[in-house]
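**Q** Residue-level listing of the chains:
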Amino acid sequence: GAVVSQHPSRVICKSGTSVKIECRSLDFQATTMFWYRQFPKKSLMLMATSNEGSKATYEQGVEKDKFLINHASLTLSTLTVTSAHPEDSSFYICSARDGGRKETQYFGPGTRLLVL
Amino acid sequence: GNSVTQMEGPVTLSEEAFLTINCTYTATGYPSLFWYVQYPGEGLQLLLKATKADDKGSNKGFEATYRKETTSFHLEKGSVQVSDSAVYFCALTQGTSGTYKYIFGTGTRLKVLA
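Those protein sequences? They're chains F and S, same order as listed. Under our numbering, the first residue of the first sequence carries the number 47, and numbering increases by one thereafter. Under our numbering, the first residue of the second sequence carries the number 632, and numbering increases by one thereafter.
Hints in this document: simulated from the structure, not taken from any laboratory. All C-beta atoms in this analysis are idealised placements derived from N, C-alpha and C, irrespective of residue type, glycine included. Fair warning: there could be bad hints in the mix.
Pairwise CB distance ranges (calculated) [unchecked claim]: (1) F:K88 - S:Q676: 34 to 40 Å; (2) S:P641 - F:L160: 19 to 25 Å; (3) S:R740 - F:S135: 17 to 23 Å; (4) S:P641 - F:T150: 24 to 30 Å; (5) F:L160 - S:L744: 29 to 35 Å; (6) S:G632 - F:S100: 24 to 30 Å; (7) F:T128 - S:D685: 34 to 40 Å.
Work out the full structure: start from the sequences and follow the hints.
**A** And the structure:
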């Protein structure tokens, strides 16, 4: 089946620094990618939808200047957490939608971010 | 707004036991319903789905029926194996113009003992 990778799988950073997380679709072209955030024992919360070559669409309550999303190619989207703070510590998961299969999304393994 | 409610885990069963994980939803219109599974260290994988009322999704011995009258999509398996140990997420999508945003439940951890 379709594979989506994320890098890094785990990152620890100091408060005030920025962290970039990559999401790649390995064997298909993803016109649309999604970024989710998962808190312990909570649902996956959609943060934003990114379409290749255009600006991301952010969900209500998500700071676009805090969570920068770039989808420069059909196989790569990046999420940059700018000036990270301890409350940004979380599990970030991306997914990618194969252009030909409307509803089905393929998920990456997630990135655990810990901000000290 | 739309939401998905799952039973809290963890659920611990012996091998070959019967599994039910409850899922109910709130949505306007006619959402599509999904079960995703996440094995340790891996991404979410689509397990099964149903796109309209009374549809039954099935895969790998798991099945779930889209019940509009009870707004439910309970996951069942007749005989679980140790390899089924994972976290199971119920989800719905409801999109227009191809947006198809997912709304997930909190996930239910299943542990199957040999």
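**Q** Now tell me, hint by hint, if it's right for this structure.
**A** Hints and how they fare:
no., hint, verdict
1, F:K88 - S:Q676: 34 to 40 Å, "violated (20 Å)"
2, S:P641 - F:L160: 19 to 25 Å, "holds (24 Å)"
3, S:R740 - F:S135: 17 to 23 Å, "holds (21 Å)"
4, S:P641 - F:T150: 24 to 30 Å, "holds (28 Å)"
5, F:L160 - S:L744: 29 to 35 Å, "holds (31 Å)"
6, S:G632 - F:S100: 24 to 30 Å, "holds (26 Å)"
7, F:T128 - S:D685: 34 to 40 Å, "violated (48 Å)"
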